[in-house]
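Residue 23 in our numbering sits at position 23 of the sequence shown, with consecutive numbering throughout.
It is possible that some hints are incorrect.
[Unchecked claim] With a straight-line Cα cutoff of 30 Å, these simulated DSSO-like cross-link-like pairs (lysine-lysine) come out: (1) K109 with K54; (2) K30 with K60; (3) K60 with K19; (4) K53 with K30; (5) K57 with K37; (6) K30 with K54; (7) K54 with K37; (8) K19 with K37; (9) K57 with K30; (10) K19 with K56; (11) K30 with K117; (12) K53 with K19; (13) K109 with K37; (14) K19 with K57.
[Said to hold, decoys possible] So the derived label-pair ranges between C-beta atoms look like this: (15) E22 with F116: 33 to 43 Å; (16) K19 with Q112: 34 to 44 Å; (17) F38 with H94: 31 to 41 Å; (18) T90 with S64: 32 to 42 Å.
Keep in mind that the hints were calculated from the coordinates and are not lab data.
Ideal Cβ placement from N, Cα and C applies to all residues, glycine included.
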Amino acid sequence: MMEPGVLLITANLGTLFEKPQEMLEVWMSKLYETIEKFNPSFIALHCQEVGGKKFKKCMKEVSSFVSHLMRSSSMEQYDRAAMYLDEDFTLDNHFTALGNIYFVHNSVKNIQCFDFK
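Make a model of the complete structure from these sequences and hints.
So, in structure tokens, the structure goes:
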């Protein structure tokens, strides 16, 4: 099987944050299984409902999710990461509950991030 250079994932994570005891390990193991299967050079994980539908109560679970990603042996070869997570729910009219997480494999030698302001 040809290995893809890029793995694009979009996921609604609402229930994952509301029921972490039931869902976190299962979801993460499927994610890692997919990453190990394809061994991409670049991973883009686009998340909806960061913190869940009950985000004021469940937002604390986001740090567990991020820690799980960063300490996993499946992610050891991804030595660069950028995370953009909307965790500030104090301003309802600005809160999006969206998140983007990017990982770059250590085999990629030249990578740049642009700010198109």
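Indices of hints not satisfied (ascending): 1, 5, 7, 11, 18
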